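Number of protein chains: 2
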Amino acid sequence: MKLAKGMRDFLPQQMMQRERIFSAVAEVYREFGFQPLETPALEYLTTLRAKSGDEIAGQLFEIKDSELALRFDLTVPLSRVAANSQFPQPFKRYQIGPVWRREEPQKGRFREFWQADADIIGSSSMRTEAELLDVASTALARVGFGKFEILLNNRKILNSIVEKFKLEEKANGIFRVLDKADKIGREEVERQLEPFFGSASKEILPLFFTKGSNEKKLDAFEKYAPEGVKEVREILDFYPKFTFDPLIIRGLGYYSGPVYEFRAEGFSGSFAGGGRYDGLLGIYGRGAPAAGISLGVERMLMLMGEGDGKKTYTQVFVASFPDTYPQAAEVADKLRKSGICAETDLMERNLRKQLDYASSLSIPYVIILGKKEVEAKKVNLRDMKSGEESLLTIQEAIKKINE
Amino acid sequence: MKLAKGMRDFLPQQMMQRERIFSAVAEVYREFGFQPLETPALEYLTTLRAKSGDEIAGQLFEIKDSELALRFDLTVPLSRVAANSQFPQPFKRYQIGPVWRREEPQKGRFREFWQADADIIGSSSMRTEAELLDVASTALARVGFGKFEILLNNRKILNSIVEKFKLEEKANGIFRVLDKADKIGREEVERQLEPFFGSASKEILPLFFTKGSNEKKLDAFEKYAPEGVKEVREILDFYPKFTFDPLIIRGLGYYSGPVYEFRAEGFSGSFAGGGRYDGLLGIYGRGAPAAGISLGVERMLMLMGEGDGKKTYTQVFVASFPDTYPQAAEVADKLRKSGICAETDLMERNLRKQLDYASSLSIPYVIILGKKEVEAKKVNLRDMKSGEESLLTIQEAIKKINE
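Chains as they are written, first to last, in the working numbering: chain A, 8 to 410; chain B, 8 to 410.
Everything labelled a hint here was simulated from the structure, so no lab data went into it. In this text the structure is predicted, and so the values were computed from the model without any measurement. Among the hints, a few may not be true.
[Claimed, not checked] If the Cβ cut is set under 8 Å, some of the chain A residues that face chain B in the computed set are:
1. K9
2. F17
3. P19
4. M22
5. P47
6. A48
7. E50
8. K71
9. Q96
10. R100
11. E119
12. G129
13. T135
14. C348
15. A349
16. E355
[To be verified] Below, a sample of chain A positions facing chain B; criterion: calculated Cβ distance under 8 Å:
17. M8
18. R15
19. Q42
20. E45
21. F68
22. V88
23. P97
24. P105
25. S132
26. Y291
27. M354
All residues carry an ideal CB built from backbone N, CA and C; glycine is no exception.
Required output: the full structure, derived from the provided sequences and hints.
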């Protein structure tokens with residue numbers, strides 16, 4: 008019987024890689040004062056559909072004969088929790104866990120995938136955005152993806168422009184065109200947006216393609232969207248390492264303010280992204296300003312491949328003979344009490360086969376425990392790489408393994 | 008909008024407790040040479056129904072318009088993976104993750120709960136069982152639940168008796184009665200089993216209630232079930248710390264050999280349990296002997312309650328004034344680079360409110376960074392418990408916090 012379509016099993020070698028990434032990311036999140044939160048896989052459909060955008064609402068795994076479905080992200084459950092609990096503000100939480108989307112599986116896209124999110128609830132200050140850019144940058148660097156560019160926009164700038172030209176009802180159509188600027192190019196964007204802006208097109212559309220410094224681009228937008236520009240300047244004050252890019256949209260879901268993406272050279276798509284969603288909590292209970300970032304952990308794992316090829320956490324295999332197995336179990340027990348991962352032979356095999364097993368998992372050390380060693384109260388420690396053997400006390404062996 | 012029925016959110020204080028337990032258990036599993044594996048939440052219904060027993064098959068969360076459902080345990084997915092992959096044998100894996108059962112929620116029982124399993128695929132030797140008892144005992148002790156009794160039985164003993172009296176077709180009925188012996192008591196068990204065994208009742212039924220040492224009880228069963236008794240004696244050789252209890256059944260699912268439960272005094276129900284399921288893998292692909300144990304992590308967490316009351320991982324809050332926030336961010340950055348969890352004020356509050364926030368989360372240290380401190384290149388470190396303040400260099404502060 009088979010693995011379900013679009014799903015993955017993570018075998019030990021992949022899991023070791025995943026655990027390394029997830030624990031490094033969690034460590035950075037905690038260093039910045041984010042606290043762990045976990046929410047259930049299943050939520051009420053009303054919760055999930057409240058502000059998910061049409062595309063995602065059509066990708067829910069719904070439970071038969073119920074009002075439930077699997078969560079499609081970690082932001083909606085957080086908003087439900089935060090809008091109905093009393094936390095000291097700001098409430099800074101991280102969550103690393105799976106989400107599910109019923110899309111047609113394609114290469115590199117799966118129906119179950121993990122997200123690693125950090126969010127801050129309760130603050131309207133742009134210090135929030137600066138911290139989110141900082142924590143994501145630090146986490147990416149910690150994991151070994153230090154080279155990237157941050158592109159930042161503010162949905163308030165777009166909203167102001169749309170209001171100025173009384174295009175509120177057509178905002179989604181306009182945003183949809185800008186969202187695909189990357190793919191269709193400047194000319195096509197201008198061609199598609201002209202019908203919306205009419206005679207103002209010549210004035211407005213070039214703004215989106217201004218070249219030059221952040222200051223120059225912000226100056227160009229200032230008279231149309233003073234508040235949105237002011238916020239971007241505040242973020243620049245606190246964390247200046249980003250490029251203002253008025254074409255960043257990040258979908259039609261719940262974003263209301265600054266939005267950002269982390270992009271790496273020579274790699275399409277983003278490594279991390281997020282934004283402000285001040286309007287979301289109010290839907291679930293008590294409203295509050297909110298912003299968050301999601302690290303593209305699955306993407307990082309895909310690029311890292313199999314990693315260092317380590318197949319097991321086990322450091323020592325204690326090989327034995329039928330009459331020395333009880334002593335081998337004792338030796339393994341002592342190694343474990345020193346924090347060393349150790350195995351004994353659970354299959355009652357001969358020495359040759361025990362060594363084959365240790366080799367097949369690339370276990371770095373084997374202790375061979377014969378009658379002679381038991382009587383001398385020593386162990387024979389073999390370094391599997393060099394082949395070197397040494398007769399040592401258990402304490403000496405522990406010291407050597409830990410070196 | 009609300010949390011779905013029978014589900015739980017785990018808030019930071021609970022999560023810190025959960026992370027402590029899960030990482031301690033994973034650490035012990037790894038020390039014994041178990042490797043991490045993760046499987047998806049969703050499996051095909053045919054996989055889940057193959058050998059789940061009627062009760063559980065009725066508790067599946069099925070996905071609408073599909074052949075999928077949420078997994079109800081971690082043993083079935085492992086069996087699917089192991090029966091279709093080539094791992095060096097024995098394949099020792101651990102998995103800590105949620106499972107889902109659509110039961111009517113009751114006090115202390117939830118529809119999503121976590122399991123922490125260790126299993127060994129590929130070995131028929133009773134060394135396997137001894138290791139599973141050992142790893143579970145070690146993990147329970149590591150987490151602080153060191154006082155328990157292990158009750159062990161062998162389904163082979165029951166199977167032999169049933170065969171001897173040609174009751175194979177009535178085996179499930181007989182096992183069901185034995186399974187509830189705890190609740191209904193000896194007299195009622197004998198009354199319900201008499202119709203099955205007829206005139207042999209007087210010979211057979213008292214065996215199940217023999218008092219005394221493991222040896223005495225095993226001797227009593229030997230002539231009816233020599234092979235099953237021999238296996239229990241082998242486990243006794245390798246790991247003698249258990250009580251042979253012929254009334255332990257562990258449900259009508261997939262168990263085929265030794266089964267065991269960890270019980271604590273003054274506490275009903277078990278803390279851990281497992282058994283051998285040699286027949287399960289063959290259903291999913293290539294057959295192999297298999298045995299495993301599941302730690303009752305949710306039960307442990309329930310008994311531990313809120314733990315030490317720690318509300319955050321944050322060790323230092325760096326308080327600032329409007330003109331010293333950039334320097335506060337730098338100080339926090341230096342603390343984090345030394346592995347210290349540090350926060351700054353993201354809400355542009357006055358000092359009083361910043362201190363209130365730090366107090367409300369019981370953050371142990373606050374650094375107050377005024378203009379004076381910035382100019383002197385020092386920080387003012389306040390121990391929030393004693394109220395003591397000291398003017399220190401950042402390096403001195405790091406040293407003090409790490410003490």
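A quick look at each hint next to the structure:
1. K9: Status holds, d = 7 Å.
2. F17: This hint holds: F17/A lies near chain B, its Cβ roughly 4 Å from the closest one there, short of 8 Å.
3. P19: 4 Å, holds
4. M22: 4 Å, holds
5. P47: Since chain B brings a Cβ to about 4 Å from P47/A, closer than 8 Å, the hint holds.
6. A48: 6 Å, holds
7. E50: It holds, given that the least Cβ distance between E50/A and chain B is near 6 Å, below 8 Å.
8. K71: Interface hint status for K71/A: holds (4 Å vs cutoff 8 Å).
9. Q96: 7 Å, holds
10. R100: 7 Å, holds
11. E119: 5 Å, holds
12. G129: 7 Å, holds
13. T135: 5 Å, holds
14. C348: Holds: closest Cβ of chain B sits about 5 Å from C348/A, inside 8 Å.
15. A349: With a closest approach of 7 Å, the A349/A hint holds.
16. E355: 5 Å, holds
17. M8: Since chain B brings a Cβ to about 5 Å from M8/A, closer than 8 Å, the hint holds.
18. R15: With a closest approach of 7 Å, the R15/A hint holds.
19. Q42: 4 Å, holds
20. E45: 4 Å, holds
21. F68: 5 Å, holds
22. V88: Result: holds, 5 Å to nearest chain B Cβ.
23. P97: Holds - the Cβ of P97/A comes within 8 Å of chain B, reaching about 5 Å at its closest.
24. P105: 7 Å, holds
25. S132: 5 Å, holds
26. Y291: Hint holds; Y291/A Cβ to chain B Cβ min 5 Å, cut 8 Å.
27. M354: 5 Å, holds
Of the numbered hints given earlier, the model fails none.
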